[in-house]
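Asks: What follows is the residue order along each chain.
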Amino acid sequence: MMDFRHINITIALVLILCGIGLAGTIRFPPPEFESGYELPDTTTPSPRQGIYEYIDTIVLLLALGLSSYLVLKKRSRKAIFALTVFSLIYFGFYREGCVCSIGAIQNIVLSFFDPGYAVPFVVLLFFLLPLVFTLFFGRTFCAAVCPLGAIQDVVLLRPVSVPGWIENGLRLLAYIYLGAAVLFAATGSAFIICRYDPFVSFFRLSGNINVLILGACFLIVGMFIGRPYCRFICPYGVILRQLSRISKWRVTITPDECIKCRLCEDSCPFGAIKKPVEQWPAKEHRRSKKRLALLMVLLPVLTFLGGWAGYGLRTTTAKMHATVRLAERVRLEETGKVEGTTDASDAFRALGTETAGLYDDASNIRARFGLGGWIFGGFVGLVIGMKLIGVSLWRKRTDYEADRASCLACGRCFEYCPREHLRRKGNSIVQNTSGMESGKTELNSGGGR
Amino acid sequence: MAEKSKPLPDRRKFLAEAFRYAALGTLGVIGGAAFAKRYRMVQEGKCVESGLCKECSLFEKCYKPQVWQIDPYKCIACGNCATYCVLEESAVKCVQVYPVCGYCKICFGFFEPEPYDINEGAENQLCPTGAIKRTYIEDPYYEYTIDESLCIGCGKCVKGCNTFGNGSFFLQVRHDRCLNCNECAIAAACPSGAFVRVPADRPYLLKEVDHA
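Those sequence lines, one after another, are chains A and B.
Here the first sequence stands for residues 1415 to 1863, where the numbers follow my numbering.
Here the second sequence stands for residues 5 to 216, where the numbers follow my numbering.
Don't read these hints as lab results, they were simulated from the structure.
Be aware that a few hints might be false.
To be verified - In the DSBU-like style, the derived pairs of lysine-lysine whose C-alpha atoms are separated by at most 35 angstroms in a straight line are: (1) A:K1662 / A:K1751; (2) A:K1492 / A:K1704; (3) A:K1703 / A:K1839; (4) A:K1810 / A:K1674; (5) B:K78 / B:K109; (6) A:K1492 / A:K1703; (7) B:K78 / A:K1751; (8) A:K1751 / B:K41; (9) A:K1492 / A:K1662; (10) A:K1492 / A:K1689; (11) A:K1487 / B:K163; (12) A:K1688 / A:K1488; (13) B:K163 / A:K1688; (14) A:K1810 / B:K17; (15) B:K17 / A:K1492; (16) B:K17 / A:K1704; (17) A:K1492 / A:K1733; (18) B:K137 / A:K1662; (19) A:K1689 / B:K163; (20) A:K1488 / B:K17; (21) B:K160 / A:K1733; (22) A:K1697 / B:K137; (23) B:K78 / A:K1662; (24) A:K1733 / B:K109; (25) A:K1801 / A:K1487; (26) A:K1733 / B:K17; (27) A:K1674 / B:K17; (28) B:K160 / B:K78; (29) A:K1703 / B:K78; (30) B:K137 / B:K109; (31) A:K1733 / B:K41; (32) A:K1751 / B:K160; (33) A:K1751 / A:K1487; (34) A:K1662 / A:K1674; (35) B:K137 / A:K1839; (36) B:K17 / B:K78; (37) B:K17 / A:K1801.
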């Protein structure tokens, strides 16, 4: 009975204290023990040591350097593949995919828009280093350092070629994804690149079931279509593409000169090899000129329409922000349009703040989404317009070339080039016989594809 | 650029070079600005979202990465931590701060609201996994310890302790388990915005005795 009276006293106490009740208020003073009992310590297991983050950065730097050397100087697909596997194991399975350069975009953007957030030094380096390397050596980060690229590279079994118009069309997704990621990061709503990263669940061997299914789909598709995420989705790839266009050094299929043997023609699983093209026939040339002029005029129109659509969608996009969702819910509850409360609205009411302040916050955020929508939509429109112009241009090309933007520097095409085999023979006369024979068989099988 | 003895550079090459330097400059500006902001914030003692490390003046410490924590005074113990973590078994566990605990004989974090009896029988316990250990110390005091290997971070005991007791139980991200995702899946699902980033060298936000 004594105990139950205790409960009653407690409840009475609670009722008294609830008026001034703050979480963490000491209702029952901690006892003074007579039996010599000592308070145990609260356990606080340490996080991963900061020094390891710097080791990650150094590994990234070394991997980038090695990848660039292997792609541009050594020209060895086998070595590149070995580095790819290493990156998959280290940055993927050991580091469990976080922090990665792709996701770092959002941290950088958030740090420019949120006065309360500054990007950690390591994340900044993860963002900048691959960009700088790409500016000098092409996309060697994609080749063998990025764990997301690596996991897709190792599952690629039977590549099929994707028609150019599908390739070009799907690639727009990456630009839209980048724009959306920047919009949601800048407004402090969400890090969508991390949320929908399809492969990180594999690296961690656990995760949200929907994302796991998404990742499995990407890997199954990736067995036949080379690196679908890198080519069509990756927002970091969008930046790398542009920087790779102006890189100081570049991936070349042949080590010296192109003899137009066509052996490399189908060797690229990513559709990044450009064939030589002749001058345009005069008739088509005239028609294309007109089309180009039309597209140039269309460019600002598309940009404006995109921006307008982005602005129009602001109420929908703003729902990504937790405060806006909360404000909408609270408004519905206040006006009696929905029954019951949610955890979020309960938590908000427990704070005892005015709803007007919340509504103001929400409308401010919506206004930011309005401006962001103009920029995001305008960007998408501009990209679509530029893409249309890009595919309408005709550039004379005499040799087989790796497309500077699309080439992922994986080095598969090297093996197909007969000039490359000559170069290797010249370089290593010692291991001549075996090298030559394997070279020949590869050549034959390569030609047959 | 072109000297008299050399031929003029290819127009396209020249443009590419100009763009390359421009891009390098842009990256430099982005990096410099991000770094400068961090430097400034650290100088002002605002290097974390929570603003809880004002006394920290060693800026090299703050360049350490950040880790996730729950602000225990914002947490409402809704139970999302148990289900939204990307880990099979959540990285969030219940933590007991012994100096705050009242060592109550009848602990509302331990017992069901209407227990059949006041003993350690499983039918009387609130915790769905029996992760709280109740040990007799001296009359009328009992010690409550969390067995973290059993705790699933559902927060039922936290709610009980906060409502009727001292609130010495609270949910916290345990760094031996947390993967430190760039976007914490629980933070995205947290209804009270209790998740914050803190510097990795001061990795815990614990409840304190003198907090009013």
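Asks: CA of B:K137 to CA of A:K1839, is that 35 angstroms or under?
Replies: This hinted pair is violated, its Cα atoms lying about 73 angstroms apart.
Asks: If you draw a straight line from the CA of A:K1688 to the CA of A:K1488, is it 35 angstroms or shorter?
Replies: holds, 23 angstroms
Asks: Check the hint pairing A:K1733 with B:K41 against an upper bound of 35 angstroms on the C-alpha distance.
Replies: holds, 29 angstroms
Asks: Would you check the hint for B:K17 and A:K1492, treating anything up to 35 angstroms between C-alpha atoms as holding?
Replies: Given pair B:K17, A:K1492 holds - Cα atoms ~32 angstroms apart, limit 35 angstroms.
Asks: Would you check the hint for B:K17 and A:K1704, treating anything up to 35 angstroms between C-alpha atoms as holding?
Replies: Distance ~28 angstroms between B:K17 and A:K1704 Cα, so the pair holds.
Asks: If you draw a straight line from the CA of A:K1487 to the CA of B:K163, is it 35 angstroms or shorter?
Replies: violated, 63 angstroms
Asks: Do the alpha carbons of B:K17 and B:K78 lie within 35 angstroms of each other, as the hint requires?
Replies: violated, 58 angstroms
Asks: Assess, step by step, whether the Cα of A:K1801 is no farther than 35 angstroms from the Cα of A:K1487, and give holds or violated.
Replies: Distance ~33 angstroms between A:K1801 and A:K1487 Cα, so the pair holds.
Asks: Check the hint pairing A:K1662 with A:K1751 against an upper bound of 35 angstroms on the C-alpha distance.
Replies: Since the Cα atoms of A:K1662 and A:K1751 sit roughly 62 angstroms apart, the hinted pair is violated (cutoff 35 angstroms).
Asks: Does A:K1751 sit within 35 angstroms of B:K78, going by the straight-line distance between their CA atoms?
Replies: holds, 28 angstroms
Asks: Hint check: A:K1492 vs A:K1733, CA-CA at most 35 angstroms. Holds or violated?
Replies: Cα-Cα ~48 angstroms, so violated.
Asks: Given the hint that B:K137 pairs with A:K1662, test it: the Cα-Cα distance must not exceed 35 angstroms.
Replies: violated, 65 angstroms
Of the numbered hints given earlier, the model fails hints 1, 2, 3, 6, 8, 11, 13, 17, 18, 19, 22, 23, 24, 26, 29, 33, 35 and 36; all others are met.
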